[in-house]
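Work out the full structure, taking the sequences as your base and the hints as a guide.
The sequence shown finishes on residue 115 if you use the numbering used here, and the numbering steps up by one all the way, no holes.
What you were told as hints is all true, and nothing was included just to trick you.
Computed Cβ-Cβ distance ranges for the label pairs, DEER-style:
hint, residue 1, residue 2, range
1, Cys37, Asp89, 15 to 23 angstroms
2, Glu12, Gly50, 22 to 30 angstroms
3, Ala67, Glu43, 16 to 24 angstroms
4, Lys86, His60, 17 to 25 angstroms
5, Pro83, Val25, 29 to 37 angstroms
6, Glu43, Ser76, 16 to 24 angstroms
7, Leu72, Gln23, 15 to 23 angstroms
8, Asn80, Glu32, 36 to 44 angstroms
9, Phe52, Phe18, 19 to 27 angstroms
10, His16, His60, 14 to 22 angstroms
11, Glu77, Met1, 16 to 24 angstroms
12, Pro83, Ile6, 14 to 22 angstroms
13, Gly31, Pro83, 37 to 45 angstroms
Restricting the straight-line Cα-Cα distance to at most 25 angstroms, the calculated cross-link-like pairs of lysine to aspartate or glutamate (DMTMM-like) are:
hint, residue 1, residue 2
14, Lys7, Glu40
15, Lys86, Asp59
16, Lys7, Glu77
17, Lys7, Asp59
18, Lys82, Glu12
19, Lys7, Asp89
If you're looking for bench data, these hints aren't it; they were derived computationally from the structure. A virtual CB, placed ideally from N, CA and C, is assigned to each residue, including glycine.
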Amino acid sequence: MVVALIKSSLVEVLGHYFPFAGQIVPNARTGEPEILCNNEGVECTNYTCGCFLLSWSFDHAVVDATAFHMFLISWSEVANNKPISKHPDYQRSIFMPVQLSLMGRRSIVFFAKAP
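Structure representation (structure tokens):
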């Protein structure tokens, strides 16, 4: 029952926070980064004890801490049959256009000295 509630509320809230449902990929024509929403779903690990685990990651190019917090609040509101109190704003005009190569970095390597 809990998993069904989480699943149905996540489906509803992702309709409002659709960039959270996608992946950053290079555009096939321009090479510029874009968000691909492809209905791949969310992985949920179910344990034999009856517990389950959800985990996620996000790219700061798409989501900052404030947006992620709004997403979690909205998800809990939907799960509790409440209306979403704050809707995301996707107006691109509020951002200064900047040419950034988000796809140029393939990995980040951290080096640490051995003890």
